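Undergrad: Given only the sequences and the hints, what does the whole structure look like? Please build it.
Sequences listed follow chains A and B, in order.
Residues in the first sequence are numbered from 31 upward in steps of one, following my numbering.
Residues in the second sequence are numbered from 31 upward in steps of one, following my numbering.
If you are wondering where the hints come from, they were derived from the structure by calculation, not from laboratory data.
Computed from a predicted model, the values in this text were never measured in an experiment.
Possibly wrong hints are sitting among the right ones.
For chains that are exact copies, the list does not tell them apart, and a pair is met inside one copy or across any two.
[Claimed, not checked] In silico BS3-like links for lysine-lysine, alpha-carbon gap of 30 Å or less:
#1 K304 / K56
#2 K202 / K73
#3 K146 / K270
#4 K73 / K32
#5 K73 / K56
#6 K56 / K32
#7 K392 / K56
#8 K169 / K259
#9 K170 / K145
Number of protein chains: 2
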Amino acid sequence: MKLGIGNTTEPLPQIVIEGLHEGVRKLGFVETYTGYGDEQGDKRLREALVEYYKGMFVNLDPSEVFVSDGAKPDSANIQSIFGLENIIAVQDPAYPVYLDTNVIAGRSGKFDEEKKTYRGIVYMPCAENNDFFPDVPSKKVDLIYLCSPNNPTGAVATKHQLRKFVDYAREKKAVIIFDAAYSAFIWDPGLPRSIYEVENAKECAIEINSFSKYAGFTGVRLGWTVVPKNLVVEGAEPGKVNSLWNRRQCTFFNGASNIAQEGGLFALTEQGQKECQRLVDYYMKNARIIRDGVESIGLKAFGGINAPYIWMKTPNSMRSWEFFDKLLNEAHVVGTPGSGFGPSGEGYFRLSAFGHREDIEKALDSMKRNLKL
Amino acid sequence: MKLGIGNTTEPLPQIVIEGLHEGVRKLGFVETYTGYGDEQGDKRLREALVEYYKGMFVNLDPSEVFVSDGAKPDSANIQSIFGLENIIAVQDPAYPVYLDTNVIAGRSGKFDEEKKTYRGIVYMPCAENNDFFPDVPSKKVDLIYLCSPNNPTGAVATKHQLRKFVDYAREKKAVIIFDAAYSAFIWDPGLPRSIYEVENAKECAIEINSFSKYAGFTGVRLGWTVVPKNLVVEGAEPGKVNSLWNRRQCTFFNGASNIAQEGGLFALTEQGQKECQRLVDYYMKNARIIRDGVESIGLKAFGGINAPYIWMKTPNSMRSWEFFDKLLNEAHVVGTPGSGFGPSGEGYFRLSAFGHREDIEKALDSMKRNLKL
Chain A
31 MKLGIGNTTE
41 PLPQIVIEGL
51 HEGVRKLGFV
61 ETYTGYGDEQ
71 GDKRLREALV
81 EYYKGMFVNL
91 DPSEVFVSDG
101 AKPDSANIQS
111 IFGLENIIAV
121 QDPAYPVYLD
131 TNVIAGRSGK
141 FDEEKKTYRG
151 IVYMPCAENN
161 DFFPDVPSKK
171 VDLIYLCSPN
181 NPTGAVATKH
191 QLRKFVDYAR
201 EKKAVIIFDA
211 AYSAFIWDPG
221 LPRSIYEVEN
231 AKECAIEINS
241 FSKYAGFTGV
251 RLGWTVVPKN
261 LVVEGAEPGK
271 VNSLWNRRQC
281 TFFNGASNIA
291 QEGGLFALTE
301 QGQKECQRLV
311 DYYMKNARII
321 RDGVESIGLK
331 AFGGINAPYI
341 WMKTPNSMRS
351 WEFFDKLLNE
361 AHVVGTPGSG
371 FGPSGEGYFR
381 LSAFGHREDI
391 EKALDSMKRN
401 LKL
Chain B
31 MKLGIGNTTE
41 PLPQIVIEGL
51 HEGVRKLGFV
61 ETYTGYGDEQ
71 GDKRLREALV
81 EYYKGMFVNL
91 DPSEVFVSDG
101 AKPDSANIQS
111 IFGLENIIAV
121 QDPAYPVYLD
131 TNVIAGRSGK
141 FDEEKKTYRG
151 IVYMPCAENN
161 DFFPDVPSKK
171 VDLIYLCSPN
181 NPTGAVATKH
191 QLRKFVDYAR
201 EKKAVIIFDA
211 AYSAFIWDPG
221 LPRSIYEVEN
231 AKECAIEINS
241 FSKYAGFTGV
251 RLGWTVVPKN
261 LVVEGAEPGK
271 VNSLWNRRQC
281 TFFNGASNIA
291 QEGGLFALTE
301 QGQKECQRLV
311 DYYMKNARII
321 RDGVESIGLK
331 AFGGINAPYI
341 WMKTPNSMRS
351 WEFFDKLLNE
361 AHVVGTPGSG
371 FGPSGEGYFR
381 LSAFGHREDI
391 EKALDSMKRN
401 LKL
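TA: Shown next as structure tokens:
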């Protein structure tokens, strides 16, 4: 039984299916056929995303929104427009792509076998003592990756927490790369779904988001990145980062699939948002079942309230992989060892709410009956 | 009237439309829904591509085929798995992505304003005197970009010409990056559609291809890259490049759209290939009309026989942009100045066969009536 993968399992909302069919249908007639579109995305979709942000009282211009084939490629490629001398800060634990791509690019320095960290990277530990959200770095860094709701901890940054980073970034001329791929899972209206809900964040933050979890598009491939025009970086005029990303996308990318974009448009309609919300609610109910379940057997759990991930402390200070074996052998349940997300993930374990309800219930039931604690 | 853009204009073959609808339909039911797939592509599609190559008497393993969102991203990203010290050779003129991505990566050296070339790049001029296909470089290079059928010249390399490059690459431990995106336009059975039709090419060549022009997928986004397991590079064991590309794709990419892949599968069926061939034939007839048309008014034209591009010599040794203005002002036709593809493109002009028949005919008619030669 799998509680390990961050992969959607439920069919797409009906209106999104209709949108995708519409996208296909258009390709069958000479009057509506389209070939290469703008690398930055269909104008209608960029405008629909601008409208979507208005719902959070965030004003953007369509030229600040870049449609892509998903949040993973964007999180991976965004570093490529910054110089190799930039100092990178990552949350620890974190989604591995931020670190891996900087290692490949050559910004990490050597690996310290003992500490399990790269010497050139600034790690921002996220643990119980800081509610799994870090304080700003004590030294000057240039690029800061933040993910909220967080993968893997399920923690969601408050406006206050984000404001500290925005203030830091503006003062130090650093850039925040804000991964909001799980923002649709925030139901608490007091928590920010976009970093731009924080004043002046447009001067220092790039935001990456996706239709993957919101609309079930993990396989369909559609995401977007916001690069504000008035983003300021050291030694460059405002607008420079926006134009660099535009240049990067135009040279290395040829636009998201026109079918996926048509589906995305339908997902952003009023009806589409309603149906997608039901999909999100389904996974959130799963999350609740998992969190309640693991707590009911005396395990300590975090996240899973405004995020689809439950971050569990392993019992008796077991190492993550030890618990992986125990969970697999005793309860026949697969999860993800926290240590895979960074050194501060050691002793933790990620359970994912993506799955069919009956499978989730079966897994929890097996954990309750079979796990020897 | 536009003869400038390499963008498809005709609706997709019916069977491909059905395949795409099938891809969408599957996402609407829990039994057939799929989320993230393999970064390397759907196994069925990789196997179908292996079958496709068998038609050219080329044997590949599915693990050597990497499905992607198109030939452009692959041509752009392939350089990233090679060290920055590698010397790059490009055909001149060439599709700008090969050069641009190497400039961005930092392999080009300084730009020579006078020669209009980068000092660190080896240019292989393609002109009338070599039938628009270059001889092997006289010095040692590491990465060689070849495109056949060629964009922009429309020239197709013979087996003999490719064999010289394969021999050179094997001797010098260089890697050929072979862009075969227009291979479907080769009707002459004597010309190779894949570089692997040349003996031993798997030891030295990566091949990039696409459904864009073959099946009209410019907007749908689907392509593939072949990285043979026994490709040999200097200082690395066989299999290393395959595993590096695999690592690169798994870190920076999340697979092509599952809808597009389903469409690709249908395009590779027997019926699919037949219908796609009709689409290709349509554009090839356009190419013939363009080539015959420009020749009938006394202009010298190349390509357009086994390729969708016609490479025209400008009249009276005009510069490419001069002729652009003349063609636009006198005949109201837009084409692409050859100088945009490299210094050896100066004095040439690219006309594209992608367009509706009636628009192509109108453009040629206007050229015949209005161009003052």
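Undergrad: Within a copy, between copies, both or neither: where do K73 and K32 come within 30 Å Cα-Cα?
TA: Classified as between: cross-chain Cα gap 22 Å, same-chain 40 Å, threshold 30 Å.
Undergrad: If the cutoff is 30 Å on CA atoms, where do K304 and K56 land: within, between, both or neither? Let me know, please.
TA: both (25 Å within a copy, 22 Å between copies)
Undergrad: Evaluate K170 and K145 at a C-alpha cut-off of 30 Å and name the case that applies: within, between, both or neither.
TA: within (21 Å within a copy, 43 Å between copies)
Undergrad: Using 30 Å as the alpha carbon limit, work out where K56 and K32 are close: within a copy, between copies, both or neither.
TA: For K56 and K32, only the inter-copy Cα distance (22 Å) is at most 30 Å; the intra-copy one is 39 Å.
Undergrad: Classify it for me, K73 with K56: is the Cα-Cα distance of at most 30 Å met within a copy, between copies, both or neither?
TA: Classified as both: same-chain Cα gap 17 Å, cross-chain 28 Å, threshold 30 Å.
Undergrad: Could you figure out if K146 and K270 sit no more than 30 Å apart (CA to CA) within one copy, between two copies, both or neither?
TA: Only across copies: K146 and K270 sit 26 Å apart there, 36 Å inside one copy, limit 30 Å.
Undergrad: For K202 vs K73, is the C-alpha pair at or below 30 Å within one copy, between two copies, both, or neither?
TA: Classified as neither; 34 Å inside a copy, 48 Å across copies.
Undergrad: At most 30 Å between alpha carbons: which applies to K169 and K259, within, between, both or neither?
TA: within (27 Å within a copy, 45 Å between copies)
Undergrad: Between copies, within a copy, both or neither: which fits K392 and K56 at Cα up to 30 Å?
TA: between (43 Å within a copy, 26 Å between copies)
Of the numbered hints given earlier, the model fails hint 2 alone.
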